[in-house]
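2 protein chains.
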Amino acid sequence: MHIYVTGAATTKFGELWSASPRGLARQAVFGALKDAGLEAKRVQALFVGNMLSGMLGGQEHLGAFFAEELGLTVPAFKIEGACASGGLAVHNAVNSLLSGQYETVVVLGIEKMTDHKPEDVATALMGAGSEDERLAGATFPGLYAMIARAHMQQFGTTEEDMAAVAVKNHYHATLNPNAQFHAEITVEAVMKSSKIADPLKLLDCSPISDGAAAIVLSTKRSPHSVEVAASVVATDTLGLAQRKSLTQLAATKQAAQKAYTLAGILPEDVDASEVHDCFTIAEILAAEDLGFFAKGNAAAAIRKGKTTLGTSTGVVLNPSGGLKGCGHPVGATGVKQIAELVEQLRGNAGKRQVHDARVGLAHNVGGSGATAVIHILKT
Amino acid sequence: MHIYVTGAATTKFGELWSASPRGLARQAVFGALKDAGLEAKRVQALFVGNMLSGMLGGQEHLGAFFAEELGLTVPAFKIEGACASGGLAVHNAVNSLLSGQYETVVVLGIEKMTDHKPEDVATALMGAGSEDERLAGATFPGLYAMIARAHMQQFGTTEEDMAAVAVKNHYHATLNPNAQFHAEITVEAVMKSSKIADPLKLLDCSPISDGAAAIVLSTKRSPHSVEVAASVVATDTLGLAQRKSLTQLAATKQAAQKAYTLAGILPEDVDASEVHDCFTIAEILAAEDLGFFAKGNAAAAIRKGKTTLGTSTGVVLNPSGGLKGCGHPVGATGVKQIAELVEQLRGNAGKRQVHDARVGLAHNVGGSGATAVIHILKT
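Residue numbers (numbering that gives the first Met the number 0), protein chains in the order written: chain H, 0 to 378; chain L, 0 to 378.
What the hints contain is simulated information worked out from the structure, not anything from laboratory work. Honestly, I wouldn't trust all of these hints.
Copies of the same chain look alike in the list, so a pair counts if it fits in one copy or across any two.
[To be verified] Here are the simulated DSSO-like cross-link-like pairs (lysine-lysine), alpha carbons at most 30 angstroms apart as the crow flies: (1) K40 with K252; (2) K303 with K350; (3) K194 with K219; (4) K257 with K40; (5) K33 with K350; (6) K305 with K116; (7) K294 with K116; (8) K40 with K243; (9) K350 with K257; (10) K219 with K257; (11) K305 with K257; (12) K305 with K377; (13) K116 with K303; (14) K33 with K219; (15) K243 with K377; (16) K40 with K191; (17) K116 with K33; (18) K294 with K377; (19) K257 with K194; (20) K219 with K243; (21) K257 with K116.
Take the sequences, apply the hints, and build the full model.
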């Protein structure tokens with residue numbers, strides 16, 4: 000049996016003061032249904048990816064909550080795995096279709112973060128980390144700063160290399176109408192931005208965002224559908240201290256290897272990849288762990304433009320602008336990555352179209368790498 | 000393909016002041032693995048059912064959290080659907096096996112509630128309800144009290160009828176070593192207990208509890224395994240105000256009808272059923288909505304002992320003691336129900352053994368009926 004994405008939609012990402020979670024969900028889901036040419040009554044189950052609604056808003060039971068809002072009286076589930084919640088929701092949805100239990104389902108990824116005080120959001124986000132780390136007062140910028148330091152020491156990666164990731168992703172975001180940021184930035188601007196957790200500066204970090212994305216998954220191919228060639232999850236320790244290496248995410252490597260085998264492709268076959276650049280260093284790790292570049296070689300390649308739109312060699316990384324440029328409403332991100340790749344593989348991505356894109360890879364991470372989810376999409 | 004429960008274990012339920020979530024998880028999962036005769040390294044995925052860890056404890060990402068604690072470096076997911084989180088986790092686990100993605104998985108249901116202030120727990124639990132209800136200050140006892148009033152008005156159900164449910168379930172709990180309560184109670188004691196939300200009194204309400212339960216699910220039969228003959232979820236509106244009827248849970252009826260068809264059985268074929276008696280009136284509704292009794296007839300039947308252990312006619316309801324007698328650690332409940340039925344169908348339930356039990360039905364509800372999960376188990 001094969002699984003297809005038959006519809007996809009993403010809302011504007013950003014500081015959406017006048018938007019409610021209900022409104023965002025309606026826009027994303029009804030957009031995806033319209034894109035699929037599907038009536039709502041044909042939907043058989045709803046999978047919701049969300050992390051923070053309980054901690055920040057006091058609302059859980061989001062499966063039933065959004066099912067009611069959307070007028071879908073179907074089995075509904077909330078899947079949570081920190082910033083990988085969206086990808087995990089897609090994985091469970093794919094399995095539910097392969098099981099024969101359902102034939103057409105919707106996955107909604109959604110997060111509303113900017114209604115809350117930044118310190119509350121930072122505290123809530125540490126719910127993704129290990130008890131040791133969060134009770135010691137660590138934050139995710141701090142954890143990724145340690146990863147960055149280790150990578151700099153081991154491979155000679157520089158702060159300018161990391162800055163180049165942000166520059167590229169902001170450039171891509173200027174071509175994406177739904178992106179949070181539409182301003183190009185320079186390596187100098189990144190280097191001069193406020194230090195958050197040395198060596199990471201403000202412009203190395205993905206923002207706090209609101210937004211939603213939805214996809215329709217089906218066991219039946221349709222004219223504009225894209226095939227899900229692999230859906231794989233891997234897990235590592237929550238905390239950095241328990242890991243063998245700080246300069247790779249073992250979960251990403253493990254999930255990617257299995258996904259390439261399942262899809263029958265090699266890393267060099269991937270034309271466009273949405274990778275989890277919650278911090279600039281994370282994109283460098285991802286580009287290596289996913290096999291696009293040898294360990295230690297990704298930073299230079301990214302800096303030389305080999306992963307920028309218009310490149311003639313290699314894979315375009317984060318054509319949407321990524322978490323850094325497009326925004327990072329955590330539960331939405333994993334679904335938005337797939338929605339972006341669907342547009343790319345259909346050739347509908349407008350100014351940010353990756354030339355002749357036929358294979359896409361979505362890479363969604365929870366915490367500092369405890370969960371990794373890989374989806375490979377094919378035309 | 001068929002799916003089997005090959006191992007099951009439940010911790011003690013109750014006010015477990017000296018137990019940690021980590022310890023409860025280890026006890027339940029390693030107990031289930033031992034019961035299945037399975038090495039941990041054979042487990043291919045972990046599904047965690049939990050509702051409150053984020054809101055009460057600040058810890059999310061529980062899939063990876065418990066995978067690390069248990070030494071399982073496998074794909075891990077947290078599934079949340081309020082008090083139906085456990086049942087929904089089992090449903091997604093079953094589908095993941097049917098999909099061919101995994102062959103052996105573990106489902107852990109867990110909740111640690113008594114470490115927190117009761118008012119904080121009550122507030123957090125309303126995360127299961129509709130926005131209208133929770134922002135208006137409703138509580139679940141209040142919502143079920145409205146259901147009880149409607150049932151009393153429509154069918155002549157009495158407060159003593161509801162009390163009889165608690166009396167039965169406390170009696171069953173005295174036969175269950177893991178139950179929270181081991182004291183028999185009387186109808187008079189229930190009637191004299193403090194009013195919580197008229198007509199519901201303290202002894203009509205399930206308690207705040209700590210506990211965990213785990214099951215091993217596999218695509219392969221084993222000597223002591225029990226077959227999962229149906230796994231079905233249905234959804235209704237979150238809020239009571241949007242429902243056509245207050246005296247039935249439409250989601251329960253819909254899920255049950257589909258489950259009976261899938262399992263190829265009738266309600267009268269069920270020997271033992273763990274139903275979601277979060278309040279005594281909820282067991283009366285369940286006994287009717289599951290088709291064990293005609294609408295309006297369950298209360299009298301329960302009061303006459305027709306659902307009590309040792310009955311010669313009909314189904315035994317909540318041999319474990321149910322949520323009322325055994326306890327209700329919300330994320331654990333849906334998994335514990337299945338663990339109890341596995342013991343019953345194996346004939347290993349000791350003093351609370353249902354005579355010649357061959358078919359079991361687990362009924363897990365989220366909120367005031369927005370989510371219903373039915374599992375039918377067969378020897």
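message: Of all the hints numbered above, which does this structure not satisfy? Sort the numbers upward.
response: 3, 6, 7, 9, 13, 15, 16, 17, 19, 20 and 21
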